[in-house]
Amino acid sequence: MPSPFIQTLILTGKLAIYTTSILLVIGLPLSYFMAYARFRFKPVLEALVSMPLVLPPSVIGYYILVAYSPNFWFGKLLSEWFDVQLAFTFEGILLASVVFSIPFMVQPLTNGLRAVPVNLREASYTLGKSKTTTFFRVLIPNIKPSLITAIALTFAHCIGEFGIILMVGGNMPGETRVASIAIYDEVQALNFDAANQYALTLFLTSFVILTLIYTVNRKSDAWKMI
Amino acid sequence: MPSPFIQTLILTGKLAIYTTSILLVIGLPLSYFMAYARFRFKPVLEALVSMPLVLPPSVIGYYILVAYSPNFWFGKLLSEWFDVQLAFTFEGILLASVVFSIPFMVQPLTNGLRAVPVNLREASYTLGKSKTTTFFRVLIPNIKPSLITAIALTFAHCIGEFGIILMVGGNMPGETRVASIAIYDEVQALNFDAANQYALTLFLTSFVILTLIYTVNRKSDAWKMI
Amino acid sequence: MENDIIELDVQKELVSAYGRMVLSIQISISAGELVVLFGESGAGKTTLLRMIAGLTTPDNGTIKVGDEVWFSSARGINMPPQKRNIGFVFQDYALFPNMSVYNNVAYGQKDRDKIFIDELLQNFGLTEFANRKPEKLSGGQKQRVALARALARKPKFMLLDEPLSALDAGIRTSLQNEILKAHSISNTTTLLVSHDLAEVFRLAQKVMLIQDGKIKGFGRPDDIFINNQISGKVQITGTIVKIETQDTFYLLTVVTGMNQIIKVTAFESDIAELTEGDRVMVFSKAFNPLVMKL
Amino acid sequence: MENDIIELDVQKELVSAYGRMVLSIQISISAGELVVLFGESGAGKTTLLRMIAGLTTPDNGTIKVGDEVWFSSARGINMPPQKRNIGFVFQDYALFPNMSVYNNVAYGQKDRDKIFIDELLQNFGLTEFANRKPEKLSGGQKQRVALARALARKPKFMLLDEPLSALDAGIRTSLQNEILKAHSISNTTTLLVSHDLAEVFRLAQKVMLIQDGKIKGFGRPDDIFINNQISGKVQITGTIVKIETQDTFYLLTVVTGMNQIIKVTAFESDIAELTEGDRVMVFSKAFNPLVMKL
Amino acid sequence: RIAAAADLRYAMDEVVAAYKTGNPQAILEVIYGSSGNAFTQISNGAPYDLFFSADVIYPQKLHEAGFTIHEPVLYAIGRIVLWSASVDVSKGISVLSEYPKARIAIANPSHAPYGLRAEETLRHYGVFDGVKPRLIYGENISQAAQFCLTGNAQFGIIALSLALSPNMQSKGSYFLIDDVTHKPLQQSFVILNRAKDNSLALTFAEFVSSPQAIKIFKKYGFVCN
Ligand SMILES: Nc1ncnc2c1ncn2[C@@H]1O[C@H](COP(=O)(O)OP(=O)(O)OP(=O)(O)O)[C@@H](O)[C@H]1O
Ligand SMILES: Nc1ncnc2c1ncn2[C@@H]1O[C@H](COP(=O)(O)OP(=O)(O)OP(=O)(O)O)[C@@H](O)[C@H]1O
Ligand SMILES: [Mg+2]
Ligand SMILES: [Mg+2]
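The listed protein sequences correspond, in order, to chains Z, F, B, W and X.
If you count by my numbering, then the first sequence holds residues 1 to 226, one letter each, in order.
If you count by my numbering, then the second sequence holds residues 1 to 226, one letter each, in order.
If you count by my numbering, then the third sequence holds residues 1 to 294, one letter each, in order.
If you count by my numbering, then the fourth sequence holds residues 1 to 294, one letter each, in order.
If you count by my numbering, then the fifth sequence holds residues 1 to 225, one letter each, in order.
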């Protein structure tokens, strides 16, 4: 078994990667819808998607915790039908993390899609391509900077997420004890050296990953509309 | 004197508005630089700007607290030269909030600026307009969706910010006790009704504000490059 | 299909230079025909093509192609552009910035046909640029990519919005041949917008004259233009670019149209009111020119 | 200034249709001259204008305007475009999507001169669109806004990249007059790209022939074109659009250049190898046309 | 699995270590946090066997809600101290008035038991109204200690157990506050329903009241009887 330090870091990475991947799958169609669909209550949907930012994480965490509990219909349904209890498990914090990182994925993507000139889509349609093909072959490649920002923000936010996980996850080593919780713990224990060690590792790893991401991004800097 | 409830909400609003305004002033030139400047270590700068997301807020809060303390050069400088102590004051949480909301302002703006076709800038230059005029009269109006996203994200994030303020603010009523802290407090004290009341007010107010912002944004939906 | 007659009956309100204008077009176009749209800037040519392509929705009317209804405001039908089997060249090109020239051209093909694409690139003078991003092309090169991209798909119905406007005479002629070739090989019904009368005569089987959103004429080019403008004699308008004195007369150099230069002799009396730069008509009552094939 | 001679000596490496190509231009242009750039697609015309405007940096060389050095690779000088007091019309317009037509045109003016702008819009047939966003304009309308925007600033140096390519003959002629007017009133040095030979003759004081990045000719249009192509007689190239049979001979309709239609009589023997669509040269050994001022 | 209040951190670690020397194969996991958080989580089904709170109220509430198998058991009484990194505090509470601008960190009295006791003490000495504007509230007692340690607050009223911890001991001085000036800090624990058939949990609960464990608690400044 790896040391708790390594175990915590692996768990943190796993949570961040899973959350980002899941949100990519959800976020792409959602952003497409938000960017191009025209319906009356779109501003309401947009505001809803931003909501996770507005509420303090600890509060959101509290409400999620309540929702997961077997006394609540959602938790009851899960435990009775699937024999699943989400609170204090990795799956539980993953779900919470996915729900509350949505704005980080969706906002940059939506903006990126909006900035793509209409006639590129039109050109693709006149070439007989479906909306799906157009999305993957014309839109996505042309919003690469936004896509990368979305991934980077989501990933980074997951690594830093703390309030929700503290509430919902409860600091279980190997299961829900991610780095942010571990650091908090060490600070609380006044073990500043251990906290610094975590913080530094986190900082450096993320820094390197983000620098790499942005280096790749560099090539697709400003572009001219053709 | 208004009730603690109102006082807390006013303080929260004040913090969010001040932070957003200050970040707008800092973020616009910074994004401009990030979007168009070409230098070798740009990915490093970009990664640095995203860093506040990666570190858990409570950790960042802790480091800020250390930085503010009279034992540290920064705190020492402030207290010796200006007789200012930042910890546990509104100015202190404002500064912390500004520093750590930077990515929310800068990322969308940078992306927006990058998506503006180069030849619009060029056209403005050939019409004898300086970079500043071009920025305000050509670039900014053409990235309105990104600008609005940036403002909305920053504003929302400030309202929800919790970990840092908890660390740096010290929960002083009327000074640093913003809504997110108050809610946490009430949950800890098992006053779930009061907590729900705060959360609901926060939720509804933010929801209305964001819906309004996005409604204004609507008109500048997708645009064609001319 | 060979007998897919295209029946247009569409209305759309627009703003023209003289205020509100209703674009209102009723016409049948036979399958396989090459029709050139000719009309002033702002007459509604682009809008008409966009309505046929399904990119702009008419206020009301119907668009039928053979038995298929592409649009019908009465029946609430509006087939999306990707189903309409068309090729469209945009006035502003709309190339995909993320793809190389080759991939732009190949994008629309259902079955990748490398030989055909290579041939297209060759004929369009683009071989050297196959792996370039469109951003780095000149205006005329972009326009050629846009045309090649539309042709690569071999659609049943071609909509070309000023596909050659940015090109010089040489390459223009060779691309006109490409359009004619594509048209004759697969018998594609083609609608092409052009401002250039010579191009109209060179390409059009039929001309559709559009003015202020209405059809002002539809028929063979010589019926539309020649009978209106010419009454049997040679009449050439042009600009005097040079007046030279010979012994007893003057030699005028008149430039007409695209590439035409005529030398005209004139006498003192004729020349009195003429100066270089004047626009003149050159005509002849007795004119026996010869023709020679080029 | 009246005697701001423009001295160009610039090199830049580009990729042409035939592989690497060095754009290399050495020339002096007198102040107040109207020079038309003429050359094939991809010859380097746009790039040359962009280098003068300061939008593209030459690999090396110098650009001097009077006593001012705009660019010098040797001395490390590169004046930014906003200091160069130029007007530029982009091949792809580059209108500001956020501003109305009026504001696009007014944007470049230092001192707001409403009367001048209104007059410009009037002459450009854009009055009706003053409050519209460019997005809702037709291609030709956009092009007119781009030209009006550049003229509104009354710059000392005009760089026009195919400013009239999307326009039909009618509006084209009237905008050519606007360009000439602007040029003659304020004696603006003007560089204009055109593919249209008639336009060259109509506008140019000097023509700069560019081929593969090099200057192949610089001089008065008739020196550049006429002496090369014509040897004293009328020689008109065109396309046969119609062959009609008369009693003993044939009547050919030949379309030349932009708007020119010529009827030619021909005999059985002449006609043998001719069909409609053929490109022909019409010439005459004995031709006595008359001219009439329009 | 044990949920324990933050102030127990050092003492509990040692108690667990002592227990393990007697029972080497036992697997004990202690998770520290604020008592309030632990309470909220347990109420919502957190998988803990034992809950060591910093007061008696949270265990009592859990008991009333039927989450426990018995009444709360008192295991220790906490003491509070006045602590400072920069100032000699041996004179007691009166030094607070000698530094009229200095800030004083305490835990949040609205939910942290240590904060409430600190407030009572200040009231007892009659200085509460005077120092109230200078009070800084930590989320829990550990955070109040951080405020002092970093020097942002010159004084703090914190748990003796923290003042004795290796990280604070060498960094400042403390003054033990007389326990008559405030109500006692009764720290209780409960065995949760989940541990019903868990012999390990039950024996560990017994071990906590053993002389060996009491000695450890005392070493960290707790009062046990
Ligand atoms: N950004 C660039 N980088 C490298 N090569 C370029 C770039 N832009 C254009 N070129 C190449 O330089 C050559 C000249 O381009 P330029 O745009 O100056 O041509 P042009 O004479 O304006 O042609 P057109 O009449 O088609 O507009 C072309 O072959 C083009 O492919
Ligand atoms: N999106 C739009 N909404 C309303 N009016 C429009 C829109 N697009 C174009 N128009 C107007 O409709 C008229 C016809 O435009 P259209 O683009 O069809 O002209 P066109 O014949 O293609 O002209 P050009 O030769 O200049 O390209 C113009 O007066 C134009 O201003
Ligand atoms: Mg058009
Ligand atoms: Mg060009």
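Source of the hints: derived by calculation from the structure; they are not laboratory data.
Every residue, glycine too, gets a C-beta built ideally from N, C-alpha and C.
The reader is advised that the hints may include incorrect statements.
[Stated by the list, open to error] Derived coverage of chain F by chain Z (criterion: at least 3 residues anywhere in the stretch with Cβ under 8 angstroms from a Cβ of chain Z; other residues may be distant):
#, region
1, 6-17
2, 57-68
3, 150-158
Consistency of the hints with the structure:
A count of 0 residues in the region 6-17 of chain F with a Cβ less than 8 angstroms from any Cβ of chain Z is obtained; the coverage claim is therefore unmet, three being the minimum. Here's how the region 57-68 of chain F fares: 5 of its residues keep a CB closer than 8 angstroms to some CB of chain Z, so the rule of at least three is met and the hint holds. Taking a C-beta to C-beta cut-off of 8 angstroms, the region 150-158 of chain F contributes 4 residues in contact with chain Z, enough for the three needed, and the coverage statement holds.
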